[in-house]
Amino acid sequence: NAGVTQTPKFQVLKTGQSMTLQCAQDMNHEYMSWYRQDPGMGLRLIHYSVGAGITDQGEVPNGYNVSRSTTEDFPLRLLSAAPSQTSVYFCASSYSGGGPLHFGNGTRLTVT
Amino acid sequence: AQRVTQPEKLLSVFKGAPVELKCNYSYSGSPELFWYVQYSRQRLQLLLRHISRESIKGFTADLNKGETSFHLKKPFAQEEDSAMYYCALRGGYSTLTFGKGTMLLVSP
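Note that the protein sequences, when read in sequence, are chains F and P.
For the first sequence, this note's numbering assigns the number 14 to the initial residue and increments by one for each residue that follows.
For the second sequence, this note's numbering assigns the number 214 to the initial residue and increments by one for each residue that follows.
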């Protein structure tokens, strides 16, 4: 099993550009989520999904969209990138109702 | 609302010294608590969960419901323990709330 796979590993965007961060898992986990990691802020939840077709907002959802058309994939879209979205983004998944989160390797995004 | 507090941003110790990374939580029900570790620029990895009551890499953590704490301890720190440590709480359906993290530096 590959676990949780994120692409790309690095990305540089200009303000106003859009892009999609990809996340896929092969563990048949119902729950998937996106976090951003910033110095001194820890990990903050952006969006999450408890199953295909179901998504919900986390702590810091503004500026981001998600969809969950399949169990395996949970892409994160930046509609119009801003410098404040410069961060490291982690996708994570787990079985619903309990158990640890499994994390991807992260995407380091810089917005200039 | 659920909250996780890690009061120390940085903890610096010498090799062989005992280590205690503090974690306090706020949640009205019965929480599920975890410790995650992140080595330099790597993914977060699960270190411990309270329901397992196991020791991983010499680390242990005990849930104290009276003090609402889940401190991480190791009797003798090693240089390879240097990393960022996050305490996390699951109170609701599946969402995990993380603390801000404590950087542990172990010097030779």
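Quick caveat, the hints were computed from the structure, so don't treat them as lab data.
In this text, a Cβ means the ideal position worked out from N, Cα and C, and glycines have one as well.
Please note: incorrect hints may appear among the correct ones.
[Unchecked claim] Beta-carbon label-pair distances, calculated as ranges:
(1) F:T83 <-> P:S241: 41 to 49 Å
(2) P:S295 <-> F:Y108: 27 to 35 Å
(3) P:P288 <-> F:Q30: 47 to 55 Å
(4) P:A214 <-> F:G76: 33 to 41 Å
(5) P:G279 <-> F:Q30: 33 to 41 Å
(6) F:T28 <-> P:A214: 30 to 38 Å
> Which of the listed hints are broken here?
Replying inline: Numbers 1, 4 and 5, in rising order.
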